[in-house]
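**Q** Construct the complete structure from the given sequences, taking the supplied hints into account.
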Amino acid sequence: MTTIVTVGLGSCGIAAGANKTYEKIKALKDSEKLTFDLKKTSCVGMCYREPLVEITDETGTYLYGEVDADRAVEVIEKHINQHDPIRDYIVYTDLFDAPENDFIGAQVKIVLRNCGYMDPESIGEYESRDGYKAIKMIAAEKRSRESVIDTVLKSGLRGRGGGGFPTGMKWKFANANKSAEKYVICNADEGDPGAFMDRSVLEGDPHSVLEGMIIAAYAIEATGGVIYCRAEYPLAIKRLNIAIGQAHERGYLGKNIFGIEGFNLDIYIKEGAGAFVCGEETALIASIEGERGMPRKRPPFPAGSGLWKKPTNINNVETYANIPWIINNGSEAYAQYGTEKSKGTKVFALAGKVRHSGLVEVPMGMTIRDVIFKLGGGIKGNKRFKAVQMGGPSGGCIPEFLSDTIVDYDSVNATGAIMGSGGMVVMDETTCMVDVAKFFLDFTCKESCGKCTFCRMGTKRMLEILDRITNGLGREGDLEKLEELAYQIKDNSLCGLGQTAPNPVLTTIRYFRDEYEAHINHKKCPAKVCRPLLTYKVDPEKCTGCLVCSKNCPAKAITGERKKPHFINQELCTKCGVCFSKCKFESILLS
Amino acid sequence: MRISRINKKENETGSVAQDLSLLDPLIAKHKGKKGNLIPLLQGAQELFGFISGPAFEKLARETGIPLSDMYGVATFYAQFRLHPVGKHIIKVCHGTACHVQNAVEISESLEEALKVKDGQTTEDRFFTLESVACLGCCSLAPVMMIGDQTYGKLTGNEAVKIVKNIRLADNN
Numbered sequence: 001m002t003t004i005v006t007v008g009l010g011s012c013g014i015a016a017g018a019n020k021t022y023e024k025i026k027a028l029k030d031s032e033k034l035t036f037d038l039k040k041t042s043c044v045g046m047c048y049r050e051p052l053v054e055i056t057d058e059t060g061t062y063l064y065g066e067v068d069a070d071r072a073v074e075v076i077e078k079h080i081n082q083h084d085p086i087r088d089y090i091v092y093t094d095l096f097d098a099p100e101n102d103f104i105g106a107q108v109k110i111v112l113r114n115c116g117y118m119d120p121e122s123i124g125e126y127e128s129r130d131g132y133k134a135i136k137m138i139a140a141e142k143r144s145r146e147s148v149i150d151t152v153l154k155s156g157l158r159g160r161g162g163g164g165f166p167t168g169m170k171w172k173f174a175n176a177n178k179s180a181e182k183y184v185i186c187n188a189d190e191g192d193p194g195a196f197m198d199r200s201v202l203e204g205d206p207h208s209v210l211e212g213m214i215i216a217a218y219a220i221e222a223t224g225g226v227i228y229c230r231a232e233y234p235l236a237i238k239r240l241n242i243a244i245g246q247a248h249e250r251g252y253l254g255k256n257i258f259g260i261e262g263f264n265l266d267i268y269i270k271e272g273a274g275a276f277v278c279g280e281e282t283a284l285i286a287s288i289e290g291e292r293g294m295p296r297k298r299p300p301f302p303a304g305s306g307l308w309k310k311p312t313n314i315n316n317v318e319t320y321a322n323i324p325w326i327i328n329n330g331s332e333a334y335a336q337y338g339t340e341k342s343k344g345t346k347v348f349a350l351a352g353k354v355r356h357s358g359l360v361e362v363p364m365g366m367t368i369r370d371v372i373f374k375l376g377g378g379i380k381g382n383k384r385f386k387a388v389q390m391g392g393p394s395g396g397c398i399p400e401f402l403s404d405t406i407v408d409y410d411s412v413n414a415t416g417a418i419m420g421s422g423g424m425v426v427m428d429e430t431t432c433m434v435d436v437a438k439f440f441l442d443f444t445c446k447e448s449c450g451k452c453t454f455c456r457m458g459t460k461r462m463l464e465i466l467d468r469i470t471n472g473l474g475r476e477g478d479l480e481k482l483e484e485l486a487y488q489i490k491d492n493s494l495c496g497l498g499q500t501a502p503n504p505v506l507t508t509i510r511y512f513r514d515e516y517e518a519h520i521n522h523k524k525c526p527a528k529v530c531r532p533l534l535t536y537k538v539d540p541e542k543c544t545g546c547l548v549c550s551k552n553c554p555a556k557a558i559t560g561e562r563k564k565p566h567f568i569n570q571e572l573c574t575k576c577g578v579c580f581s582k583c584k585f586e587s588i589l590l591s
Numbered sequence: 592m593r594i595s596r597i598n599k600k601e602n603e604t605g606s607v608a609q610d611l612s613l614l615d616p617l618i619a620k621h622k623g624k625k626g627n628l629i630p631l632l633q634g635a636q637e638l639f640g641f642i643s644g645p646a647f648e649k650l651a652r653e654t655g656i657p658l659s660d661m662y663g664v665a666t667f668y669a670q671f672r673l674h675p676v677g678k679h680i681i682k683v684c685h686g687t688a689c690h691v692q693n694a695v696e697i698s699e700s701l702e703e704a705l706k707v708k709d710g711q712t713t714e715d716r717f718f719t720l721e722s723v724a725c726l727g728c729c730s731l732a733p734v735m736m737i738g739d740q741t742y743g744k745l746t747g748n749e750a751v752k753i754v755k756n757i758r759l760a761d762n763n
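Going down the list, the protein sequences come from chains A and B.
Numbering (my numbering) for the first sequence: 1 to 591.
Numbering (my numbering) for the second sequence: 592 to 763.
Accuracy of the hints is not assured; some may be wrong.
Just the calculated beta-carbon pair ranges, DEER-fashion [what the hints assert, rightly or not]:
#1 A:R87 / B:E703: 31 to 37 Å
#2 A:G477 / B:G623: 55 to 61 Å
#3 A:I242 / B:G738: 21 to 27 Å
#4 B:K708 / A:A27: 40 to 46 Å
#5 A:D30 / B:E714: 44 to 50 Å
#6 B:E703 / A:E483: 35 to 41 Å
List time: in silico DSS-like cross-link candidates among lysine-lysine, alpha-carbon distance up to 30 Å [to be verified]:
#7 A:K582 / A:K551
#8 A:K255 / B:K620
#9 A:K255 / A:K238
#10 A:K26 / A:K40
#11 A:K564 / B:K682
#12 B:K678 / A:K582
#13 A:K310 / B:K622
#14 B:K682 / A:K446
#15 A:K238 / B:K678
#16 A:K446 / B:K708
#17 B:K744 / A:K584
#18 A:K528 / B:K708
#19 A:K582 / B:K682
#20 B:K625 / A:K460
#21 A:K238 / B:K624
#22 B:K678 / A:K446
#23 B:K620 / A:K446
#24 B:K752 / B:K678
#25 A:K309 / B:K752
#26 B:K624 / A:K297
#27 A:K178 / B:K625
#28 A:K172 / A:K310
#29 B:K625 / A:K451
#30 A:K556 / A:K524
#31 B:K752 / B:K706
#32 A:K380 / A:K575
#33 A:K24 / A:K78
#34 A:K451 / A:K297
#35 B:K752 / A:K563
#36 A:K20 / B:K682
#37 A:K524 / B:K708
#38 A:K238 / B:K744
#39 B:K622 / A:K255
#40 A:K309 / A:K490
For the record, the hints were derived by calculation from the structure and aren't laboratory data.
All figures in this text were calculated on a predicted structure; none of them were measured in a lab.
Positions of the beta carbon are idealized from the N, C-alpha and C atoms, including for glycine.
**A** Set out below in structure tokens:
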């Protein structure tokens, strides 16, 4: 067989320099007339080891990690030319014990079944991996719309965008509403900061999303499809466009597709213009219609009156990517994974203070601790695990003592957080929970569309209180005021954004009240993050007298002679933190 | 809510005589189609880097969409700029993962080095500094993006060095 060299070219890989690696290997291949096949793929989820290069030869498959251009030369020389794999650089293989074998082994890949295993720009490769088999089977067996919906219903698949509404039910409602014009929409407006699952699926396996949409369109008799994708994801948009073009060429989109008489479907991409609230389905529809993305009252639900007031089915990227697998393997196969009420798998984007940041897909029901420690490899720098933030700005912080909570919709909801779209940002002892709450509220405050007064004004007032607390001006009664505002906002907002905006504050107050109290009552930030509450001092033992801090201090608060320990005048210090970040000898102490 | 307004003064000084006829093909393509407002604005911004007062007026005049509707939409979405931008746009990621890994330091160092605040453009129109929500490269946090290039695992000093090098490379 010909040896295949595959370079991972997802956004994260490219950011880590994968293009240079690819160019280097290509140059080597051309200049030395090497005979291997050079291929591209997307993200396999192991972002912390990027750039990744996989070599498949007659002995097996080897995944090399952290392959920059220099290392690429070494790998090609040794592995390809001398047939001598470099064990030290191999992160995953099924041939021997490699460092990341557990990372891959503990996962169940349904949504990510093709991500990192094929060229996302090739419809042929998708088809060779059972692509478009599901819709072809539906057409060949002349399955009724109802039976397709029934399969999805029985699989127990729930909306992966965060809401968790049963997908089959949504389809059933949309199917029940008769109209000559109907739409399927894919919500790819992944706005949660800290979540990048949908981006990876779109970049790595755009055809599976298309196929999912085509099946949904068949099931509800849709006549048009729209993918609403963030403009911030240029690579995803590019690959989706390629995929749509290829699907047209093969007659998988267009008129009477898959030989089903009267099944006409076109799908186009609508680029979002940057508004978090457009993740909410009615706001998303308003945005496609060219208006300000403001949610409206439901009912009527989109299944009855959606895009252009026609029955519309909206699911997110991950939900659609599940569909072809479910049709191919049957609802029982899917429902064997997961818990009683949450079936199947869920993709999580691990990030923050965790060793292995990247994408993982696990069966529902795994404990949060296992996700973070078994797959995530634990906390960076051997610090103490403090909390994990799930669900982005709508979610909450789950503290360490609740980390045996299993991941399914209901268990996560019980903690006050939400499953959300699957972002998991891990926090350690150096993360200040008040600061995190403030961060999210700042986000929702900016992103509130302004329609409901409680969301528009309430988040602003909450932010002001949090600002005060982190600036050392917290007062007694602030926490009660925060809680009162939080419940008012939750009760009086129209859409999910407002109804969930206070969650980060409520969960941090619930689990980390002592931290808030330290800020308010003792004017201290235990995690040493909130600068106005810190004191900067020079460690005379470590200070080399290099003058860097005194030169950079904007308040001229630092004095001292060359090669002698410096001194910070606390009365002049504005706590800007410049000295701390400039000092190369770690001689500025925080307390 | 994000609040941005057309600044008449800045538009006058900032817009180096735009050739508004460039908008004609765009208008021809989208005129009369439903849901065309956002693509029109996106197209106009792609042409000029931002949407100027005169561009707004021309679009409104020739498509029949009320100026107030256009303005309402343009100020709603983060993507649209009503002010001219620098040659390079520096996007500093303030997603959750970057935030807990000190993205603030990156922004502050750049603000200090470029002598601009978040959202502003340097006097020589070389750089525009922006904070953005999430660039989706969480594993490389903290991250910034200049043009198509993403820079990861940054410190404040490194970010400043990168920006200085870009200026040097461009001046030569």
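**Q** Each hint: holds or not?
**A** Hint-by-hint comparison with the structure:
For R87 of chain A paired with E703 of chain B, a C-beta distance near 46 Å fails the hint of 31 to 37 Å. At roughly 58 Å, the beta carbons of G477 of chain A and G623 of chain B sit within the given window of 55 to 61 Å. Taking 21 to 27 Å as the suggested C-beta distance range, the pair I242 of chain A and G738 of chain B conforms, at roughly 22 Å. The hinted window of 40 to 46 Å between K708 of chain B and A27 of chain A holds, with their beta carbons roughly 44 Å apart.
For D30 of chain A paired with E714 of chain B, a C-beta distance near 46 Å keeps the hint of 44 to 50 Å intact. The beta-carbon spacing between E703 of chain B and E483 of chain A, approximately 38 Å, falls within the hinted interval of 35 to 41 Å. With a C-alpha separation of about 10 Å, the suggested pairing of K582 of chain A with K551 of chain A holds against the 30 Å cut-off. Proposed proximity of K255 of chain A and K620 of chain B is supported: the alpha carbons are some 24 Å apart, at most 30 Å.
Annotation: proposed proximity of K255 of chain A to K238 of chain A holds, straight-line Cα distance about 24 Å (limit 30 Å). Restraint check for K26 of chain A and K40 of chain A: satisfied, since their Cα atoms lie roughly 11 Å apart, inside the 30 Å limit. For the hint linking K564 of chain A to K682 of chain B, the alpha-carbon distance of about 40 Å lies beyond 30 Å, and the restraint is violated. For the suggested pair K678 of chain B and K582 of chain A, the alpha carbons sit about 29 Å apart, so the restraint of at most 30 Å is met.
At most 30 Å may separate the alpha-carbon atoms for a hinted pair to count; K310 of chain A and K622 of chain B meet this at roughly 23 Å. For the proposed pair K682 of chain B and K446 of chain A, the alpha carbon gap of about 17 Å is at most 30 Å, so the pair holds. Proposed proximity of K238 of chain A and K678 of chain B is supported: the alpha carbons are some 24 Å apart, at most 30 Å. Proposed proximity of K446 of chain A and K708 of chain B is supported: the alpha carbons are some 18 Å apart, at most 30 Å.
Distance check on the hinted pair: K744 of chain B and K584 of chain A sit about 17 Å apart at the alpha-carbon level, within 30 Å; holds. As the CA atoms of K528 of chain A and K708 of chain B are separated by approximately 25 Å, the hinted pair is consistent with the 30 Å bound. With a C-alpha separation of about 22 Å, the suggested pairing of K582 of chain A with K682 of chain B holds against the 30 Å cut-off. The straight-line distance between the Cα atoms of K625 of chain B and K460 of chain A is roughly 35 Å, outside the 30 Å bound, and the hint therefore fails.
Between K238 of chain A and K624 of chain B the CA atoms are separated by roughly 24 Å; this keeps the pair inside 30 Å, and the hint holds. The suggested pairing of K678 of chain B with K446 of chain A holds, with an alpha-carbon distance near 26 Å, which does not exceed 30 Å. Restraint check: the Cα-Cα separation between K620 of chain B and K446 of chain A comes to about 33 Å, which exceeds 30 Å; the hinted pair is violated. A distance of roughly 18 Å separates the Cα atoms of K752 of chain B and K678 of chain B; the hinted pair therefore holds under the 30 Å criterion.
With a C-alpha separation of about 53 Å, the suggested pairing of K309 of chain A with K752 of chain B is violated against the 30 Å cut-off. The suggested pairing of K624 of chain B with K297 of chain A holds, with an alpha-carbon distance near 26 Å, which does not exceed 30 Å. Simply put, K178 of chain A and K625 of chain B have alpha-carbon atoms about 23 Å apart, close enough for the 30 Å limit, and the pair holds. Distance restraint check for K172 of chain A and K310 of chain A: the Cα-Cα separation of roughly 15 Å lies within the 30 Å cut-off, and the hinted pair is therefore satisfied.
Straight-line distance between C-alpha atoms of K625 of chain B and K451 of chain A comes to about 24 Å, which keeps the hinted pair within the 30 Å bound. Distance restraint check for K556 of chain A and K524 of chain A: the Cα-Cα separation of roughly 25 Å lies within the 30 Å cut-off, and the hinted pair is therefore satisfied. Taking the CA atoms of K752 of chain B and K706 of chain B, the gap is about 15 Å. The hint holds against a cut of 30 Å. For the proposed pair K380 of chain A and K575 of chain A, the alpha carbon gap of about 27 Å is at most 30 Å, so the pair holds.
With a CA separation close to 15 Å, the supplied pair K24 of chain A and K78 of chain A stays within the 30 Å bound. As the CA atoms of K451 of chain A and K297 of chain A are separated by approximately 11 Å, the hinted pair is consistent with the 30 Å bound. Among the hinted pairs, K752 of chain B with K563 of chain A is consistent with the structure: their alpha-carbon atoms are about 26 Å apart, no more than 30 Å. Using a Cα cut-off of 30 Å, the hinted pair K20 of chain A and K682 of chain B holds, with the two alpha carbons roughly 22 Å apart.
Distance check on the hinted pair: K524 of chain A and K708 of chain B sit about 28 Å apart at the alpha-carbon level, within 30 Å; holds. With a CA separation close to 26 Å, the supplied pair K238 of chain A and K744 of chain B stays within the 30 Å bound. The hinted pair formed by K622 of chain B and K255 of chain A meets the criterion: a straight-line CA distance of about 26 Å does not exceed 30 Å. Distance hint between K309 of chain A and K490 of chain A is fulfilled; the C-alpha atoms sit about 28 Å from each other, no more than 30 Å.
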